[in-house]
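Asks: Construct the complete structure from the given sequences, taking the supplied hints into account.
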Amino acid sequence: MSASEPLPSPGDATTVASSGLRSLATFVLRLVGAIAIPLFGFAAMWAAVEYLRDENANRILVVIVAVVVGVGGIFALYVVMNKAIDVLPLRYRESVRPWIFVGPALVLLGLFLVYPLVNTIFISLKDQYSEAFVGLDNYTFVFTDESMLRAIRNTVGWMVIVPLAAVSLGLAFATLADRLRRGEAVAKSVIFLPMAISFAGASITWRLIYNFRPQGFGSNIGLLNGVMIGFGQNPVDWLSQHPWNNLYLMVIMIWMQTGFAMVVLSAAIKAIPDEIIEAARIDGASEWQVFRRVMVPTILPTIVVVTTYMVINALKVFDIVFVMGNAQSNGTEVIAERMIYWFFIGANYGRGAAIAVVLFVAVIPVMIWNVRRFREEESIR
Amino acid sequence: MSLAQTGDAQATAPPLVVESGNVGDVRSGGWSVRIAIVVVAALWLVPTLGVLITSFRGADAVNTTGWWTVFAHPLQAGQWTLQNYDTALHQGLGNAFLNSVAVTVPATVIPITIAAFAAYAFAWMDFRGRYILFVVVVGLLVVPLQMALIPLLKLYANGGILFGHWVFPDLDLNGTFLGVWLAHAGFGLPLAIYLLRNYIGSLPSSIIESAKMDGADHFTIFWRLIVPLSVPALAAFAIFQFLWVWNDLLVAYVFLGGTKDVQVLTLALAALNGSHGQTWHLLTAAAFISMVVPLIVFFSLQKYFVRGLTAGSVKG
Chain A
1 MSASEPLPSP GDATTVASSG LRSLATFVLR LVGAIAIPLF GFAAMWAAVE
51 YLRDENANRI LVVIVAVVVG VGGIFALYVV MNKAIDVLPL RYRESVRPWI
101 FVGPALVLLG LFLVYPLVNT IFISLKDQYS EAFVGLDNYT FVFTDESMLR
151 AIRNTVGWMV IVPLAAVSLG LAFATLADRL RRGEAVAKSV IFLPMAISFA
201 GASITWRLIY NFRPQGFGSN IGLLNGVMIG FGQNPVDWLS QHPWNNLYLM
251 VIMIWMQTGF AMVVLSAAIK AIPDEIIEAA RIDGASEWQV FRRVMVPTIL
301 PTIVVVTTYM VINALKVFDI VFVMGNAQSN GTEVIAERMI YWFFIGANYG
351 RGAAIAVVLF VAVIPVMIWN VRRFREEESI R
Chain B
1 MSLAQTGDAQ ATAPPLVVES GNVGDVRSGG WSVRIAIVVV AALWLVPTLG
51 VLITSFRGAD AVNTTGWWTV FAHPLQAGQW TLQNYDTALH QGLGNAFLNS
101 VAVTVPATVI PITIAAFAAY AFAWMDFRGR YILFVVVVGL LVVPLQMALI
151 PLLKLYANGG ILFGHWVFPD LDLNGTFLGV WLAHAGFGLP LAIYLLRNYI
201 GSLPSSIIES AKMDGADHFT IFWRLIVPLS VPALAAFAIF QFLWVWNDLL
251 VAYVFLGGTK DVQVLTLALA ALNGSHGQTW HLLTAAAFIS MVVPLIVFFS
301 LQKYFVRGLT AGSVKG
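Going down the list, the protein sequences come from chains A and B. Residue numbering for the first sequence follows our numbering, starting at 1 and increasing by one per position. Residue numbering for the second sequence follows our numbering, starting at 1 and increasing by one per position.
I should point out that these hints are in silico values taken from the structure, not numbers from a laboratory. Bear in mind the structure is a predicted one, so any value in this text is a computation, not a measurement. One or more hints might be untrue.
[Unchecked claim] In silico DSS-like links for lysine-lysine, alpha-carbon gap of 27 Å or less:
| id | chain 1 | residue 1 | chain 2 | residue 2 |
| --- | --- | --- | --- | --- |
| 1 | B | K303 | A | K270 |
| 2 | A | K83 | B | K212 |
| 3 | B | K154 | A | K126 |
Replies: Here it is in structure tokens:
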């Protein structure tokens, strides 16, 4: 710090030596601003959180302290950083300030996404205790284990069927609801409602539908089996009917995600200028043709974005499979579920990490596509 | 009464364009459209309805008859009870509810604040590496958070060591609220920065220029100008993140754990799900308690949710 203390006066700022010194000082200040100050802030928050560990403290008080510390802490962080900048000599301020603005974001992204990414790759090359390197053994396991192969096949099924169903249903519903004179908002809210429910809640919801009790174990209180019995059929243990049980689980995700597709697509449909649609109608196009030839092509970019989002969500699906019975004995394994299984139940970090890396490699194409699309958009701007 | 209402509704309905045949029916939202929508909406409601009804029935009734049988005699008062909610709340669900609040509120505010500052910098400030860094953020949008869990657990427990160099101190963050807040913030950041930058970047540059001319610095512009103008986008992401954190099971399970004093609602629900396999009356009551807050948040703010979400994705 002392090196930058005797700062050159504005008069001789043009000399080469001092400009070199200045860029060095700017660099150091940026580094301090972007990394040290956020870390200091987090450390301060951590100290406050120590209090929250006290098990005997009043719970409501703990909640209030938690909210105040969390919310207040983050605001205080930026205000203090900004004040700290204003102490700097004028010419440093504006070159340092952007790094104050993005610094905390970069620290968090680095710590919570980039660092784990690198670390996971290392772990995937080591044994189950992360001690010795085992080469590609864990990857061999991923692509030869029977249960893993089934998980990969199932996941591909999820990635195809769920987006297809959710987007088509969402699009159909958005198109039709758009034509209602009244009740559009209510109808859409009903479809959207499951989005607000947790997977844990949804699993209970759907267990009430798929519930099965064999003869002699009480009456069947699951809705589907109620229907079966109503039609004089025998009740079915839906969730162990391989391979159809995969489909039954997908229905849950479709139920939860259709609302999202519908909301976004509906907004896109409403953004289509009325003249375009009217023109097509005047030209004698049927309603189906208007939909197929005018509306769908116009909102195609949105459809693609929504579908991509759903494909990635389906790739990462975990909770539904995890809570709806024993995946391995039912044959409903998916990749993310296997990963959690090996991390926390099978206690084999190497295998879990290898599965995680496979998951990551699978999203790389989408990542590249995303970046490309972003650059194209930027070049149009 | 009901007759008068129907009469009223018909009287206020706008005069229909005289259309005959199926095509006009579809276009103007005729009966076929209405029936299709009612059928789909009813199908979508059935699962939730089952939970709601079951949660108000007695334990014996729930276990011996299907929930749909109540429709045979819906007015028989004896079959409805509030006992399930009372029991569920006294089995630690009240505590879990408070923990969920303590996790969710900061885990929503922290990423939004951090992302808003970063989004502003990416949109309106000049600095080297701005483009590349944002491209990295776009790339991180799709990274599965599952792959971060183990490294982060180790980081929280032992500090971070990368290539033999110490990069993060041992803070013993496992099982603390701060640990969960930061994890949720980190995982939510790419989407937050991306959405907010799209929104903030689309604000007219003339406002920012004129504020600069008036001598406002970036902090003032951001705080006084950009934040108020970005309320729709901020609210949209807030709802998104709130729902996500409130409903999250995985991150809370890994970083906060299932001990009674800190467990959140979803974990309490999962525990209840496991330990009382057949206590449907309690499970459904607990499930509905966990749904109340997200439903309120969602329905009171859904206007913002839709507007802000579509601001970024539906361009042009």
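Asks: For every hint, state whether the structure bears it out.
Replies: Consistency of the hints with the structure:
Annotation: proposed proximity of K303 (chain B) to K270 (chain A) holds, straight-line Cα distance about 15 Å (limit 27 Å). A distance of roughly 19 Å separates the Cα atoms of K83 (chain A) and K212 (chain B); the hinted pair therefore holds under the 27 Å criterion. Only pairs whose Cα atoms come within 27 Å are accepted, and K154 (chain B) paired with K126 (chain A) is accepted, the gap being roughly 15 Å.
In the structure shown, no violation is registered for any of the earlier numbered hints.
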